[in-house]
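Novice: Build the complex: two chains, separate frames, hints provided.
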Amino acid sequence: RYSKMADSATKLYYFTANGAADPIRFLLFQNGVEFEDIRFTREEWPKVKEELGAECTFGQVPLLKYEGKTFVQTRAILYYLGAKFGIIPQGAEEEFNTSWYLDVKEDMLQSVTKGFHGSEEEKKVAQEKLLTTDLPLFLKGMEEKFNADGVTDRGYLVTDKPSLADFAIICFLENLFYHSVRKERYSPVLVANAPNIAAWLDKKLEEFNGYFTSKYRPPTTSG
Amino acid sequence: MARILTLRWLFLFALVVFCAASGDKCATGESSETCEDENNNRLWYFDVYGLGDTIRLVLHHAGVEFEDNRFDGEEWRRDLKYSGRFPLLQVPVLEYEGKTRSQSQAIIHYLCHQNNWMPSTAEEFYQDTWFYDTVRDMAKHFSQGVYGNDDQAKGAARAKFLEEILPIYLPQLEEFFVESGGSESGYLVGGKLTPSTFFLVAKFDVFFYHESRKATYLPLLKTYAPKLSQFIEDKTSNEFAGYFQDETKRPKRDN
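Just so you know, the sequences run in chain order W and R.
My numbering applies: residue 1 is where the first sequence begins, and numbers increase by one.
My numbering applies: residue 1 is where the second sequence begins, and numbers increase by one.
So that you can see chain R by itself, here it is in the shape it has in the complex (with noise of 0.2 Å):
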């Protein structure tokens, strides 16, 4: 009896010496009070910008406190994918106020609407689901220059990008800007904060601003695009400044 007690205290001293020693974060699965705290608030996601750097963006911007969990794609497929914490076996997901949610698309919405940034008419409705769908479309084109393993898919892939698929969205999105009363107010949609401004602002930073991409790409959003450009860097050095001038937020990634 003695010494099952003894083995038993053994054992909840180790757990207790292995959670201080690791942190807030628990290995994942376990279910150990002392570690784990159910309303915390977590981000999982790659350690890329990708689709979650608009999660990252509007969550700093209103105010919420979270765990931003970021991870490698061996951690992810050792450890993480098939955990059971992930239903579709994808990420971004959020823990955020005791529930889970997946797709960023719907996270960022859910987010932006818990704080009113969100179009009221229908027009607004139409026209930034649109900026926000037309992101979206051209972020896939671009992921294709990205990720994969085939450098000579990839490189025609960038190549097309530059050649063919922003020749045709930035001239658009520019005239959209216009026409939507963006280039007068300082927000894609309804003179506010809706969910394309932030995607917009987020994902363009990263196609055009980044360093190793800057001296091809922005060139050719100030050709096609100007007003969009000034709108872009309005945004991330003033109202969204926090968060893209600070690198323990948004710390420097290749993609």
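For reference, chain W alone in the conformation it holds in the complex (with noise of 0.2 Å):
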């Protein structure tokens, strides 16, 4: 969805959360490309939605405007990012690799947010289930194709320097399991079920440290 604008300033509309936009943010510094990083409540965003209008297709964030054009849908904007970096996969194992990677991480997150629907019992078992099934299984599967594939050596999810499965899924863990509200219960799940992914996501968050303490990465309350 393409709008002609004069102002080819780059933003990135999304709340005030890592969530969805967390991928973008992270690829966009990556390649060192300033932005404006628009965050709001769920109070405000009816107003933005509004001040957005049309181009908010399906009315939903993230929204990126890039070079004067309008992208939504996540997922799509990591593809024509990475493409204008040239760090989309090359070859069909790559392509393969990349969205596998993207797929269990939706699986994970669809399982994830079972656990915030409901009553306070319903919620409460459905957490303990994501701990303790759910979750464990989706790690297990995760770190047999990390072994698999011989990601330990090679430095990187699907190739050997860093590419859109990296970026989406190193946020994407230290989110879910090293956030500062829940670290404490989530990042032994990751441990004992994913050993050699917790210990490459620590050396990933370390090389990566510039991103993790920008400021387009502000403590969040949740997520």
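Think of the hints as simulated: they come from the structure by calculation, not from any bench.
All values reported here derive from a predicted model rather than from experimental measurement.
Be a bit skeptical, because a hint or two may be false.
Stated by the list, open to error - Residues on chain W that point at chain R, a partial pick, calculated with CB under 10 Å:
| id | residue |
| --- | --- |
| 1 | Gly59 |
| 2 | Gly68 |
| 3 | Val72 |
| 4 | Thr74 |
| 5 | Leu81 |
| 6 | Glu93 |
| 7 | Tyr101 |
| 8 | Glu106 |
| 9 | Glu144 |
| 10 | Lys145 |
Unchecked claim - Between beta-carbon pairs, the in silico distance windows are:
| id | chain 1 | residue 1 | chain 2 | residue 2 | range |
| --- | --- | --- | --- | --- | --- |
| 11 | W | Lys183 | R | Ala156 | 36 to 44 Å |
| 12 | W | Ala17 | R | Ser143 | 47 to 55 Å |
| 13 | W | Glu93 | R | Ala122 | 15 to 23 Å |
| 14 | R | Lys154 | W | Pro188 | 35 to 43 Å |
For each residue, glycine too, the CB sits at the ideal point set by N, CA and C.
Specialist: Structure (structure tokens):
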């Protein structure tokens, strides 16, 4: 969905959370793109939606304004920027692996959000299941693939340099397992079920410390 | 000694007979070489359209021979899910050229890439991913009206799909279809086959053209996205007719 704008400043619109905007911020930062990180609360959202108007297709964020055009849908934005920055998958195997990690991430997210609906009792039960059954299963599956693909030696998920899958997965895992509000309960689950991924994550957080200590990654209340 | 040999031969004979009787498929987990050829291509999925339909379409369109293994929920839970064949306890799973792959979106993109059915430019990557993920979002809403045991919830979800989801999504898709040049070229993106063309055609055929829904759903497609409806009809009747018009490849199911 393109719109010809006089203003060609890069602007990213999202809630006051890491969430779906996190990998986009990460990608822009790593490629040295200065951008306006526009964040708003749930209360402010209707007003922002109104201001964005028809450009906000389906009334959803993240929404990116880049080089005079408007983009929506997280994965579509990632692939667009990835293509611009030269880090999209090369070849069928890399395409498979990139999509696989993004797909599993989506499945994990769906599982996680189940723990935030319903009554207090229902949420408690769902979160317990998440930590004892659902997340361990996903993590074991991820660890299996991670090991089979030799990621520890290679350094990155899909190839020998950072690519789209890395940007999406590093901040996703960091946010889910290391966020201060849940680190104590969640990080042991990562370490127990995916020890090599946990070790890799720690290395990557060190490597990309610039992003994680930047203004684009302020403290958030829940994720 | 003689008795042991006899028992062993009896056992092997029984095994061969069993395998012959069960045709190409063997009981899951059985690794006898008389039954299982590790180089067979196999798709594992429920006997519905769901997430398997597009994979089957792409495989057929690519001319790939494969076993289209279909099963119901009971057989899945009882025999397959915990057999060790499905690490994420999920399907679809595709065994192809000696490798086992899960996640339908990843599988479809892999197969498309192998056949050069991929976007080329950054704009095309954006468009293709936008179409694909938008249809995926629609499919999630659609599924809520189909799966599950709560009839009331399903009825409410179906009403929501018709009254809220379609009137928002379809005009946007139609607009994008025109802007991407698709309405002129006969393909969603880049004037050629890409993953989103396969996926949108398959999913929209199920949403709008299925006998059980056509009377209610198709008029909405024709109203909000007439060019898309023409595109789908053209694809299923012509380029993809080998799949959509062949019930041996695409048996009729409700969902």
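Novice: Tell me if Glu144 of chain W is really an interface residue toward chain R, meaning its C-beta lies closer than 10 Å to one of theirs.
Specialist: holds (6 Å)
Novice: Taking the closest Cβ pair, is Lys145 of chain W under 10 Å from chain R?
Specialist: With a minimum Cβ separation of about 8 Å from chain R (threshold 10 Å), the hint on Lys145 of chain W holds.
Novice: Quick check on the hint: Tyr101 of chain W CB to chain R CB, less than 10 Å?
Specialist: holds (8 Å)
Novice: Taking the least C-beta to C-beta distance, is Leu81 of chain W closer than 10 Å to chain R?
Specialist: holds (8 Å)
Novice: Next item in the hint list is Val72 of chain W. Is there a CB on chain R closer than 10 Å to its CB?
Specialist: holds (8 Å)
Novice: 47 to 55 Å was suggested as the range; check whether the CB atoms of Ala17 of chain W and Ser143 of chain R agree with it.
Specialist: violated (26 Å)
Novice: So, Glu93 of chain W near chain R? Judge it on the closest CB pair being under 10 Å.
Specialist: holds (8 Å)
Novice: Given Gly59 of chain W as an interface hint, is the shortest Cβ-Cβ distance to chain R below 10 Å?
Specialist: Holds, because the Cβ-Cβ distance from Gly59 of chain W to chain R comes to roughly 8 Å (cut-off 10 Å).
Novice: Given the range 15 to 23 Å, decide if the beta-carbon distance of Glu93 of chain W to Ala122 of chain R lies inside it.
Specialist: holds (21 Å)
Novice: Is the hinted range of 36 to 44 Å satisfied by the C-beta distance from Lys183 of chain W to Ala156 of chain R?
Specialist: Given about 38 Å between the Cβ atoms, the range holds.
Novice: Between Lys154 of chain R and Pro188 of chain W, does the beta-carbon spacing fit 35 to 43 Å?
Specialist: holds (38 Å)
Novice: Closer than 10 Å between Cβ atoms is the bar; does Gly68 of chain W clear it against chain R? Give me holds or violated.
Specialist: Violated: closest Cβ of chain R sits about 13 Å from Gly68 of chain W, beyond 10 Å.
Of the hints listed earlier, those the structure fails to meet are numbers 2 and 12, in rising order.
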